[in-house]
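Enquirer: Next come the chains, spelled out residue by residue.
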Amino acid sequence: MDARNGEIEDVSRHDDLGIGVRALVGSSWGFYAVPDLSDAAATTAGERAAEIAAASAMVPGRPTELLATEVAQGSWANTVDVDPLGVPLSEKGDLLVAATSAMREHGADIAEGIYQIWDTTKWFVSSEGHRIDQHVRECGAGISSTVIGDGETQVRSYPSRRGQYGTNGWENVTRLDLLGNAARIADESKALLSAPSCPVGETTLILGSEQLALQIHESVGHAIELDRILGWEAAFAGTSWLDLDQLGSLRYGSELMNITIDPTIPGALGSFGYDDEGTPATPRDAVRNGTWVGVLAGRDSASVAGIDYGGSVRSDGWARLPMVRMTNVGLEPGPHTFEEIVAGTDDGIYMETNRSWSIDDKRLNFQFGCEIAYEVRNGALGRMLKNPTYTGIGPQFWQSMDMLSSEIVPWGTPNCGKGQPGQVGHTGHPAAPARFRNVRVGVRA
Amino acid sequence: MRVRELTDLAATVVELIGNAEPNADVEVTTDRTEQALTRFANSAIHQNVADESAGIRLRLHLDGRTITLSSSTASTGDELSGFVDRALHTVRSGPADPGWPGVAPASALPPPGDAPLVGAAAERAAVVRAFVDAAGGLETAGYCRTTRSERAFANSAGHAAAAAFGSSAFDGIARRDGSDGVARVETDTIGEVDGHALGARATAKAIASANAVELPAGRYPVLLEPTAVADLVSMLVVYGFNGKAVTQRQSFAEVGTAQFDASITLVDDAPSLGITFDADGTPTARRVLVDAGTTAAVTHDRRTAAESSTFSTGHSLGGGSTGGVALHAGISPGASTGPVPDDIPELVDPAAGSLLASIDRAILVSDLWYTRVLDPKSLVVTGLTRNGVWLIENGEITAPVKNFRFTQAYPAALAPGAVHQVGPIAVGIPEGWIPARWTVPALHLASWNFTGGASG
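The listed protein sequences correspond, in order, to chains B and Z. First residue of the first sequence? That's 1 in our numbering, and the numbers climb one at a time after it. First residue of the second sequence? That's 446 in our numbering, and the numbers climb one at a time after it.
Wrong hints could be hidden among the right ones.
Selected chain B positions facing chain Z (Cβ under 7 Å, derived; list incomplete) [stated by the list, open to error]:
hint, residue
1, Asn5
2, Glu9
3, Pro395
4, Gln423
Reference listing, derived: stretches of chain Z covered by chain B, where coverage requires no fewer than 3 residues with Cβ under 8 Å from a Cβ of chain B [stated by the list, open to error]:
hint, stretch
5, 450-460
6, 471-485
7, 530-539
8, 611-624
9, 724-737
10, 807-817
11, 826-837
Below are the SDA-like pairs computed for lysine to any residue, each with C-alpha atoms no more than 20 Å apart in a straight line [to be verified]:
hint, chain 1, residue 1, chain 2, residue 2
12, B, Lys418, Z, Thr816
13, B, Lys362, Z, Lys847
14, B, Lys386, Z, Ala854
15, Z, Lys847, B, Lys386
16, Z, Lys847, B, Trp241
17, B, Lys418, Z, Trp878
18, B, Lys362, Z, Ala854
19, B, Lys362, Z, Ala657
20, B, Lys418, Z, Tyr815
21, B, Lys418, Z, Asn487
22, B, Lys362, Z, Gly897
23, B, Lys122, Z, Asn487
24, B, Lys362, Z, Thr896
25, B, Lys362, Z, Asn487
26, B, Lys362, Z, Thr816
27, B, Lys362, Z, Tyr815
28, B, Lys362, Z, Asn656
29, B, Lys362, Z, Gly877
30, B, Lys190, Z, Gln693
31, B, Lys418, Z, Ala657
32, B, Lys362, Z, Ser498
33, B, Lys122, Z, Ser498
34, B, Lys418, Z, Ser517
35, B, Lys418, Z, Gly897
36, B, Lys418, Z, Gly877
What the hints contain is simulated information worked out from the structure, not anything from laboratory work. Note that the Cβ used here is the ideal one computed from N, Cα and C, for glycine as well.
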């Protein structure tokens with residue numbers, strides 16, 4: 001449901017059902033999907049998948065092997081306190097209408113609200129004997145206030161522009177307290193119009209946890225995807241600056257940087273019981289004390305790379321080929337609090353809430369824009385700043401992290417794009433406020 | 446399910462709703478799409494996929510409330526009845542929709558054309574084989590895609606329409622020592638995709654990128670190949686010419702104002718691709734959005750048109766909050782100055798070749814990557830160059846250049862006086878994420894704001 005300026009703009013619901021079959025022949029996967037679960041359609045899908053895979057022999061590579069794993073049979077479902085599809089539409093509509101109305105009353109030119117719900121039941125069956133069923137329910141919501149100035153727009157959103165999402169029920173939306181934050185973000189968006197611009201230069205940068213979650217997603221999560229490292233995504237999503245020869249020894253960041261790949265976190269958006277090739281969810285280290293130690297892998301890529309685990313292969317539905325995707329990739333808690341980080345900073349800038357993101361095809365050079373920033377002077381937050389941006393190179397940036405909060409939030413990203421045809425992934429990113437030194441800020445046209 | 450069945454299904458749903466609720470406004474779209482995509486990397490096909498999708502989308506407005514339901518399974522019998530019943534039940538508990546614009550009036554539309562078939566996996570593999578062979582041993586990666594869609598529409602005003610359309614696309618890179626070269630094209634049929642020529646150009650780019658130099662940040666004139674120009678068009682139509690953005694004062698576009706160089710004419714032409722109606726059922730038409738530099742029109746669906754007291758331009762994407770977007774837009778090519786010279790370096794897209802000789806100094810850009818909007822009003826965009834960058838001096842390519850990061854206001858790059866040359870050949874370029882085709886020439890622009898080298 002989308003709401004704008006106190007009215008519901010769109011209510012839509014989509015149901016689909018189908019079967020997708022992947023078949024490995026030689027060096028290539030063949031995949032065929034049909035929106036039909038009849039025996040005949042399933043048989044056809046299997047035959048077509050094998051035919052398509054065989055046609056790849058015109059441009060062959062080395063035969064692909066799958067990492068040997070234990071054949072799993074099981075069930076999994078995430079915990080839901082309040083079934084999100086059971087909450088009346090009128091109640092949901094009232095919430096978004098009230099929140100967007102409140103923002104309008106506080107000066108928003110465009111007040112928007114959204115919630116999204118996914119309810120997915122899937123069965124995974126393999127010729128090796130896997131028999132797995134899963135029921136995954138996800139939901140979340142968010143609001144934003146946009147104000148129009150002279151040749152510019154300013155926006156504030158809560159809890160982020162995309163909202164906050166998780167593998168849980170409507171309780172996730174309720175605890176956000178959208179209405180309780182509506183007036184504040186509208187006021188902040190208006191104030192941004194008259195705020196000074198983020199200065200240009202190099203400074204100490206403190207990031208809020210939502211922005212750091214996206215920084216992790218873009219400059220760590222994608223970089224450690226094994227299919228990218230192997231060149232399988234070179235033409236579109238890109239490759240990675242990481243070289244497998246350095247796995248276990250490369251200095252990725254400072255000693256404070258501990259990043260895990262953990263699809264078992266209750267309620268986080270990237271959680272599941274089994275991935276989409278039947279590997280049970282298992283936590284792993286990606287970066288330990290600043291050293292790169294792990295990747296996101298599947299059974300085929302792991303086999304090629306000589307790695308002994310998969311577990312991070314998913315598709316965005318029955319109609320798409322499963323591929324390496326992030327699960328929950330995020331930071332372990334640090335030793336500080338946000339208050340301590342600010343108090344310990346004499347001169348810097350605090351930025352929060354992502355507004356734009358861009359990173360190169362090797363996942364090195366990034367530039368992010370945030371919705372709002374504040375000067376930090378002598379251990380306290382100062383003036384509000386608008387149009388904050390920062391840019392850098394991944395490993396240099398992460399090595400400059402010298403303070404990290406313990407206040408972890410498992411941010412959910414419901415719009416991770418990858419693959420051809422394109423797939424939208426749901427990923428989780430535990431993150432907390434952190435401080436980085438000597439960061440270039442204030443890049444503008 | 447073919448067009449006739451899709452048409453019948455759409456009419457049946459309208460009738461079922463009408464029987465239950467004669468006062469309801471109803472729109473039904475039914476569609477069937479076949480897509481096949483052959484993906485290669487490390488010079489071998491590694492992911493070869495195809496799928497069939499079929500669906501029905503119902504938008505129902507009753508007693509001041511609107512809901513949209515879609516399904517991939519409701520086509521006959523109990524499933525269809527259940528789908529209709531769920532819609533009738535759901536709409537009664539839905540929120541009020543005071544902005545409902547009503548359904549499109551009945552109008553005559555041409556019958557569906559002949560859309561190309563998706564073809565066999567072997568056809569796509571043959572194009573990939575030609576690309577890989579042309580690379581002469583360089584590592585290659587990319588995809589070859591064919592797609593075919595049939596779509597029907599019916600509403601409670603008695604409006605009905607059907608269309609069939611399809612396309613082929615190829616996007617490939619050749620790689621050497623960390624340098625990539627690209628060739629990308631979208632055509633109506635796979636027979637128009639010349640895998641060998643594309644492979645030769647991508648390879649030439651990759652080879653000529655060796656030992657690239659880093660240039661200082663700053664403003665440079667640029668020669669953007671069509672693969673890069675496509676990004677400008679996509680941003681302009683989504684953020685600038687989107688009528689909803691204009692109504693909300695989030696767009697730079699001002700109809701009647703000379704906001705672009707006189708050499709720029711921007712046209713959206715869905716009918717030329719066989720797409721004769723939009724998701725609201727509104728007929729599409731060739732629309733001039735920029736006429737010789739002057740902003741001439743913006744795009745609307747029925748809802749945003751009603752909010753602006755104007756008419757729908759046939760650009761509905763099917764509900765949601767996006768607004769009307771021109772997904773088949775292009776910049777009209779410039780005047781031809783004769784055949785492309787024979788001595789154009791192979792790395793240069795032929796669409797840009799004839800512009801090269803007259804350029805004193807500029808950066809040749811093959812591709813733009815990961816572009817994101819910093820402010821929609823000014824349409825300031827940040828992103829990176831990719832897949833081949835060179836310095837042009839005195840009409841010749843003199844050095845490969847390392848990738849840049851840029852932060853650039855796109856309308857300003859095309860502003861009056863900012864466009865030196867518009868190439869004489871427009872090329873179809875596929876969009877990565879949405880079913881769009883941009884038909885674009887090369888552009889020689891006076892200034893582009895490179896804010897730093899991509900290496901930091």
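Enquirer: Run every hint past the structure and note whether it holds.
Expert: Verification of the supplied hints:
A cut of 7 Å between beta carbons decides the hint on asparagine 5(B): the least distance to chain Z is about 9 Å, and the hint is violated. The criterion of a C-beta within 7 Å of any C-beta in chain Z is met by glutamate 9(B), whose closest approach is roughly 5 Å, and the hint holds. Because the beta carbon of proline 395(B) sits about 10 Å from the nearest beta carbon in chain Z, more than 7 Å, this interface hint is broken. A least Cβ separation of about 10 Å between glutamine 423(B) and chain Z goes past the 7 Å threshold, and the interface hint is therefore violated.
Evaluation of the coverage hint for the stretch 450-460 of chain Z: breached, as 0 residues show C-beta separations to chain B shorter than 8 Å, against a requirement of three. For the stretch 471-485 of chain Z, the stated coverage by chain B holds: 6 residues have a C-beta nearer than 8 Å to a C-beta of that chain, and at least 3 were required. Under a criterion of three residues with beta carbons nearer than 8 Å to beta carbons of chain B, the stated coverage of the stretch 530-539 of chain Z is upheld, 3 such residues being counted. Under the rule that three or more residues need a Cβ within less than 8 Å of chain B, the assignment of the stretch 611-624 of chain Z holds, with 4 such residues.
Under a criterion of three residues with beta carbons nearer than 8 Å to beta carbons of chain B, the stated coverage of the stretch 724-737 of chain Z fails, only 0 such residues being counted. By the rule of at least three residues with a Cβ nearer than 8 Å to a Cβ of chain B, the coverage given for the stretch 807-817 of chain Z holds, with 4 such residues. Coverage of the stretch 826-837 of chain Z by chain B holds [criterion: at least 3 residues with CB-CB distance below 8 Å; count 4]. With a C-alpha separation of about 15 Å, the suggested pair lysine 418(B) and threonine 816(Z) falls inside the 20 Å cut-off, and the hint holds.
For the suggested pair lysine 362(B) and lysine 847(Z), the alpha carbons sit about 14 Å apart, so the restraint of at most 20 Å is met. Restraint check for lysine 386(B) and alanine 854(Z): satisfied, since their Cα atoms lie roughly 18 Å apart, inside the 20 Å limit. Restraint check for lysine 847(Z) and lysine 386(B): not satisfied, since their Cα atoms lie roughly 31 Å apart, outside the 20 Å limit. Distance check on the hinted pair: lysine 847(Z) and tryptophan 241(B) sit about 16 Å apart at the alpha-carbon level, within 20 Å; holds.
Between lysine 418(B) and tryptophan 878(Z) the alpha-carbon distance is near 10 Å, which keeps this suggested pair within the 20 Å criterion. Under the criterion of a C-alpha separation no larger than 20 Å, the hint pairing lysine 362(B) with alanine 854(Z) is inconsistent with the structure, at around 25 Å. This hinted pair checks out: lysine 362(B) and alanine 657(Z) have alpha carbons roughly 17 Å apart, not beyond 20 Å. Straight-line distance between C-alpha atoms of lysine 418(B) and tyrosine 815(Z) comes to about 12 Å, which keeps the hinted pair within the 20 Å bound.
With a C-alpha separation of about 18 Å, the suggested pair lysine 418(B) and asparagine 487(Z) falls inside the 20 Å cut-off, and the hint holds. The suggested pairing of lysine 362(B) with glycine 897(Z) holds, with an alpha-carbon distance near 16 Å, which does not exceed 20 Å. With a C-alpha separation of about 32 Å, the suggested pair lysine 122(B) and asparagine 487(Z) falls outside the 20 Å cut-off, and the hint is violated. With a C-alpha separation of about 19 Å, the suggested pair lysine 362(B) and threonine 896(Z) falls inside the 20 Å cut-off, and the hint holds.
A hinted pair counts as satisfied when its Cα atoms are at most 20 Å apart, and lysine 362(B) with asparagine 487(Z) qualifies at roughly 16 Å. Of the pairs offered as hints, the one joining lysine 362(B) and threonine 816(Z) holds, with about 15 Å between alpha carbons and a cut-off of 20 Å not exceeded. Restraint check: the Cα-Cα separation between lysine 362(B) and tyrosine 815(Z) comes to about 12 Å, which is no more than 20 Å; the hinted pair holds. Between lysine 362(B) and asparagine 656(Z), the direct Cα distance comes to roughly 18 Å. Compliance with the 20 Å bound is thereby established for this hinted pair.
With a CA separation close to 18 Å, the supplied pair lysine 362(B) and glycine 877(Z) stays within the 20 Å bound. Between lysine 190(B) and glutamine 693(Z) the alpha-carbon distance is near 16 Å, which keeps this suggested pair within the 20 Å criterion. Only pairs whose Cα atoms come within 20 Å are accepted, and lysine 418(B) paired with alanine 657(Z) is rejected, the gap being roughly 29 Å. A threshold of 20 Å between alpha carbons decides the hint, and for lysine 362(B) with serine 498(Z) the separation of about 34 Å lies outside it, so the pair is violated.
Distance restraint check for lysine 122(B) and serine 498(Z): the Cα-Cα separation of roughly 18 Å lies within the 20 Å cut-off, and the hinted pair is therefore satisfied. Note on lysine 418(B) and serine 517(Z): the hinted pairing is violated, with a Cα-Cα distance of about 23 Å set against a maximum of 20 Å. Of the pairs offered as hints, the one joining lysine 418(B) and glycine 897(Z) is violated, with about 26 Å between alpha carbons and a cut-off of 20 Å exceeded. In summary, the hint linking lysine 418(B) to glycine 877(Z) is supported, as the alpha carbons are separated by about 10 Å, within the 20 Å threshold.
In terms of the numbered hints stated before, the structure departs from hints 1, 3, 4, 5, 9, 15, 18, 23, 31, 32, 34 and 35, listed from lowest to highest.
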